[in-house]
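Residue numbers (this note's numbering), protein chains in the order written: chain B, 1 to 302; chain C, 1001 to 1292.
Simulated from the structure, these hints should not be mistaken for lab results. Just so you know, even glycine gets a beta-carbon here, dropped at the ideal spot from N, CA and C. Take the hints with a grain of salt, since some may be wrong.
Label pairs and their in silico Cβ distance ranges [what the hints assert, rightly or not]:
hint: 1; chain 1: C; residue 1: Val1036; chain 2: B; residue 2: Ser123; range: 17 to 25 Å
hint: 2; chain 1: B; residue 1: Gly167; chain 2: C; residue 2: Gly1158; range: 32 to 40 Å
hint: 3; chain 1: C; residue 1: Leu1045; chain 2: B; residue 2: Gly257; range: 52 to 60 Å
Computed footprint of chain B on chain C; a stretch qualifies when at least three of its residues, placed anywhere within it, have a C-beta under 8 Å from a C-beta of chain B [to be verified]:
hint: 4; segment: 1050-1063
hint: 5; segment: 1072-1078
hint: 6; segment: 1214-1225
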Amino acid sequence: MQTRESLRSADEEREELENGYLTDFQPRMMDWNASRIFAVKNIRIAIRYPTNVLIWGLLPILWLAPYLLMMTAVAGPGTSEYFSEVSGFSDFLQFAVIGWFIFKYIDASIWSIGNNFRWEQFSGTLEPLFVTPVPRISILLGAAFSDTVQTTISAFILLFTAMALFGVSYTLVAVGPIIVIMLLMIIAFYGFGFMLAGMILVFKDPSVLTELINNAVFTVSPITYPLQVLPAPARFAAYLIPSTIAIVVIRDLAIIGTYDLFLFLQSIALMCGILIFFWAVGIGVFNYGEKWTKERGSMGGF
Amino acid sequence: MTQTESSSLHEKMMKRGGLRAELRAANALSIKQWRVEFSYPLSVLYFIVMPFLWFLPMLLAGTAVAGSPTSSVFGTYTGTTDWVTYIAIGSAFSGLAMSLFWGTGMAFRREQNVGTLETLMTTPIRRDTIVWGTMLHNVQHGGLGVILQLIFSVLFFGATLNLWGVFPALGIVVLAVIGMQGIVFALTCIVLLAKQGWMIIEVVSEVFLIIAPISYPIVVLPPILQYVSLASPLTWSVDAFRSFLMYGFLAPGIIQAVAALLIIDILFIVVGSLLFKYTERYVRAQGALSQF
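Chain C extracted, bound-state conformation (with noise of 0.2 Å):
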């Protein structure tokens, strides 16, 4: 490339900018993450069996006290007695938040860790589209294992989907990320900020885990935490995900979980969006981006 050509395309790149040209930066990071992850033979493997994996104790687990797919007990606290579809689709669901926390909320330290987060933050894209990009991967990834463990659960496991509610449950996806993407910001400014916030993470992400409806509903929760449950995007993502899937476009309570989940959403997408902008520019500030 002759200095003329390499002058005009710095140029042309300082110059970009807007909606269009951030969500170009997004998709190149999506991208060069797939390309990362396939590098890797094990990965694809990793990614094929992982969500029947992850699904196959919850399932053991049913099975050792129910004895059969359908449980009476179970019934009383979900209005089914068919345990085996609501631990499927909640399962599955859990797949992808947990690709949300971990891999997007890890995004910066990854990028530290192979020595090229300096770079990327001197890019000229904004600095919360290296997130939404992230997130972008995540949920391309995630969606396709919940994809696969809803395939695996209906031919290997019994469990039954009304294809009715496929398309508004997507709806819910699109809700979901939303409320999930205002937690995973508060994640990265933690990472940003404590460095090696695996641990935090782990920790957070469980605690979102256990007080969502992911494999039980929350009336087995001890009373305060079923409070606690009721504040979280998850909650009402995973119930209203699960009630299309179950019961179609007519599913009951679907109103009141939807309209919950727009006010979180608004809620957490803020306070997150506000959390990384103002943490990133302090450790910015501080000097501290490179520090190990």
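In isolation and in its complexed conformation, chain B is listed as follows (with noise of 0.2 Å):
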């Protein structure tokens, strides 16, 4: 009679599951509802540890510190006729702290948007994340606005901290311009943080890939220093990282306050460039990697 019923229930389920949601399932290019779900998580999650958000805004100022007292030591405090000549501004404090506020998206493009599979599958949860039927790509978008939220609290106490400790000041005059700039960027990082999550992918070990990269963007964008001190093949890579023109812009309107109208839509245009082409890449490689790991099993190995 068990043996029956047990039967009976069985036939039930697989019937139940023939009419419901896996038949109706459609693949889609993209699912919000996943993005949005998977960004709550990671938000959930970084709620529960507020320092790392604070640390994350305050680190940054013991590693634009060494740059400042040495460029005091080479050329005196605050500014230098070269530097002046050089950059177009005469104080580079004020150069270099908002070309740092600019950092952290590149950086946490690069650490976070990238490594997320990596920490899944630290925390066990990467194959059953990918047995889910929904387009990887939103579960990195999802991944990507909850790095962004926290970037921006990060970012804002470098900002304000080191605004504090150095006494530079900037203008907001032109404070919607600068966000439209900063959007750009950001959604065009998305495209470089899917690519990087792509190359994790294959090549697991993410300190040494996001280290190495971190590090060339680093020394090819005018952060610290302009681009006018790069060799010419230098300060032409610099351009085709989505922060560059970025910074250069964001620069002039947050020291001066004003840019040229033309340039900006130029700027504007090149950036919409730029975002097409690393989302289009950065689809492409996360796909190529993700086909590549799948097929020869590693998906879970270290």
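Reconstruct the complex from the two isolated chains, following the hints.
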């Protein structure tokens, strides 16, 4: 009797499954609901460790300070004739602090978005996540949203603390254009992050890859020094990074308060081009990395 | 392996002891770490390129304000106008310090993450040998980084080194490692107690690096930090290491630096070792060794 009951129950379950969501399921290019859920999940975890957001806002000051102290030792306090000539700005402290504010977003796109699947792997949730019937890009986008929220808080902690410590100030006259450029940069970096996520799936050890890319990007970006001090090929490479144009425009807007309208529109167009390029490359690299890893059965391997 | 062979090997292992046995264990730990690192192909590339990438932004930032490889302002602070050589040597040495702080400080946590901490703690070796063994690996790792960075700096950036100072500079490295090992013992205690101690290691190591004369003389620091800096083994180590490599055997102020380093070394290693001994005992008594 029990066997017959259990058999009937199995049949019923099978029938339910056949008529249920699995047959109705249609693969989609993007699942915004999944992105939202993943972003909320990540933010919930972040709220459990509030000191992380604070420490990531304050730590970059310890990385920035050696540059400023070294520049002071080499040129004297605050400014130098050569610096004014090559950068167009008189105060290298003011120049560097805004650069480091934007660098927070570069750092997050490399470390946080790219490494998200690695952390899921460490938590033992990568494989369950990969058998969930939602597009992987939705999951990555969710991770990117939550990282942007956390990075924005940390970046403003860094900016205000550095302004107070080093006695620098900025104008808010052109805050609208600054927000537009920042948004384009952040969205373009999502594509950059997707690309790194694909590479990390293949290479596994994220610390080395991310450290390598982070340092290379930092070196060619006009964060602490102007692009003019770089050799010509490095300067060209710098313009391929989504943040370079953004740093140049935002710095002008935040320090001087004005920017040539034609140049601004040209920068917007260039940023849009970079955004499309990085999203196309990012999704392509990620899909290839995922396929490559699945074919070799090395998804859960360390 | 037969049961008799296995049992005799076990007996032999339990009877081992003395300095030679501990050195062999430390060496085995160092080799193991190299094997782990080289099993990731990107690590090799990272190892070669990183010393270059660490120094380059400093060089570019200096160039942006100086415009040339010499600076008279820098000369008034340090006694040398050659800021490129000054920063190249300091930056190379900081790579060794970072390798020790991070690599050795996080050794226990790394073993815990891969599930080998308890096995390692039940191995019949002294507990501090685990830290010394990891230190041995990181001295080799960081030391090779120093050599690579100095070679890059001389070949590509015009840094000039006094070759007569190489051997005495190596002596300074030995003294520096002893002092920094004291700090590393303290960092290991933090990791043992706080488990996820990376945040504290990051802050502590960055503070030590900021107050040391790595890419600038300590006179540009606020006065209070200048005093704190004098109590750090890193300050005297970098200073003496650079003096030997820039001025050779008869570097100015070298006796004072070596004497200060010796005194600080003794203090740091004694306090660090005692801290480690009691913390490790406390954590084991609490049964909190394998907790995440």
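Broken hints, by number:
3
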